[in-house]
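Sequences listed follow chains A and B, in order. Going by this note's numbering, the letters in the first sequence line up with residues 1 to 546, in that order. Going by this note's numbering, the letters in the second sequence line up with residues 1001 to 1037, in that order.
Because the hints were derived from the structure by calculation, they are not lab data. Values in this document were obtained by computation on a predicted structure and should not be read as measured data. Possibly wrong hints are sitting among the right ones.
[Stated by the list, open to error] Partial chain A-side listing against chain B, Cβ under 10 Å, derived:
no., residue
1, T302
2, Q461
3, N463
Where a beta carbon is used, it is the ideal one built from N, C-alpha and C, also for glycine.
Residue strings, one per chain:
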Amino acid sequence: MAARAGTALPLACFTWMWCHRLSKYLGVLGLFLPTVILIYYSYLASWTLGYSIYMVTDQLPKVSDTGITKEDLSALARGEVSDNVLANLPITRVDVEAFQQGTTTSKMAEFLKKALNLSDEKIAQLPPEKRLKTLEAAIVKEKIVTPFDNARKAYIGAVDAQGNPVGDVYRVPMFAYLVFLGVFLFTLYVLWRGVSGGIEVLSKVGMPILFILAVVLMVRVFTLGHPVSEAQGPLSGLAFLWEPKWYVERDGQQRFVLFDPQTWLAGVGQLFFSLSLGMGAIQCYASYLRKDDDVVLTGLSTSAANETAEVVMGSSIAIPAAVTFFGVTATQIISAQGTFYLGFASMPPVFEFMPLGQILGMLWFFLLFIAAITSVVALAQPFVAFLEDEYGFSRSRAVAVLAALWLPSTHLCILLSGSLDVMDFWAGTFGPPLFAFIEIILMMWIFGGEKMWAEIKHGAQINPPTFFYYCAKYIAPPILAFMLGFWVWLNILVPLINGTIFQQGVEGQGTGWTVWLTRIYLILLFIAMCVMVRIAFKRKRQEVAS
Amino acid sequence: MSLQGWIFMLSAWTFVLALFLYCFYRILFGDSTQLQK
């Protein structure tokens, strides 16, 4: 639609599809969301580059410092807890033996509570065959992975040299700050070079490198064999990912997985973020297509390339490698802690156990960096295009204005505790499905499904089946509305009813001043963008009138 | 891995890989205008 409308921006597309003064304000989301995601995501991208440098310069903690060897992990997988493993842990052999025989000592209960957040009731309900695996997972997490998570916190300055939290204002180390500045300047350079001279070149170089690195790492993971236990190998990792689990436990009851809204919510969240849907970035790129270009083939090839990287390659690296060394239960617990935990805390120790691990670790984080930097550039483009199209700015002037907004804003994420998560909550989780819902209603119901379908088929080599027309018109809007409603219920209404919202905040980051400052900043940014859009449209009207 | 797991994994891999190869075949060798300057 962007190509047909001859504009680089969702907001101009919206006004083209719906001649109403509200449409441009709905379209502001297409400017606001990518810019906010750019603000925090660029900092995350810099972590991956920083970690890549850390891996090659050997600056991360070592599993060997804790005294644990591969043999200890093998013993653990057989159900034996060695003295090395127990050293410096708050539990003793007596506690372990008692636990194996079905008795939970107070020390063991405390340990499991701290490591895995298990309640006394849950511990008591553990079946005999799961007790040992749970203990193994707790030991792996506390002894091996936690030091690496602390290193991540030290990297962003959330803890001091002794590992104590520094409070609301982070003391970001110079290295992390310089790496971010490097990523920031590099992105500006790519943007300044323009769409074909910068963004296209970055993609042409970056994407083949990403695929080659992914294949190298995949081959390495699949040839690991069974270094720790015959029961733990890369295939066990794939089994963990791909074996369908038809029932999930919710509120103590077993529920069929496809009837569980949380499953769908997780799927939708992953889909939106990985395909950059509902963020305004894809629309912006699409605007550079020519009028007769094949939108269907381009869209399909973009999705297929992304899914190949994600479903085939992505699923064959991190989880299979972690399962090979730590086992399924521990990996399940580690991955449940979130992407940061899996990527930054569990992968470095995994690489340490592999031959040439330092190099492979560097490649892994560099792969993540390439994936992130291409997204950063895509997220920056809508604001630059807006200034070029609506204000008539030159490329360099538009990039300079973006830089003036972006650099101070990212300092909120760099310096303030919880700021990054607050931005991610609103712009990365809530915003895309909301924007997608608005888009699909505008396209299929206000602009008109028939006209939309004709536009899609214009110049298309592949004739899309009519089934997708009905999907877009009748199935997608109610599903998106239900997802949004359920999201609001789960994240806002339930915490409000329970009263937890007053302690944990909507975003789960508390209600401290850093959280409030970020929220106020986001509101002000949105208002500022609305004003900018209003001025731009006013100017345009005056130009047309004169 | 169970039979169900293999079926799920191989179906998903085959589908996305086939789609990926098909799309790029159409872009490179089809009558698409995408690569024409």
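Going through the hints against the structure:
| no. | hint | in the structure |
| --- | --- | --- |
| 1 | T302 | 9 Å, holds |
| 2 | Q461 | 6 Å, holds |
| 3 | N463 | 12 Å, violated |
Hint 3 from the list above is the single one not met by this structure.
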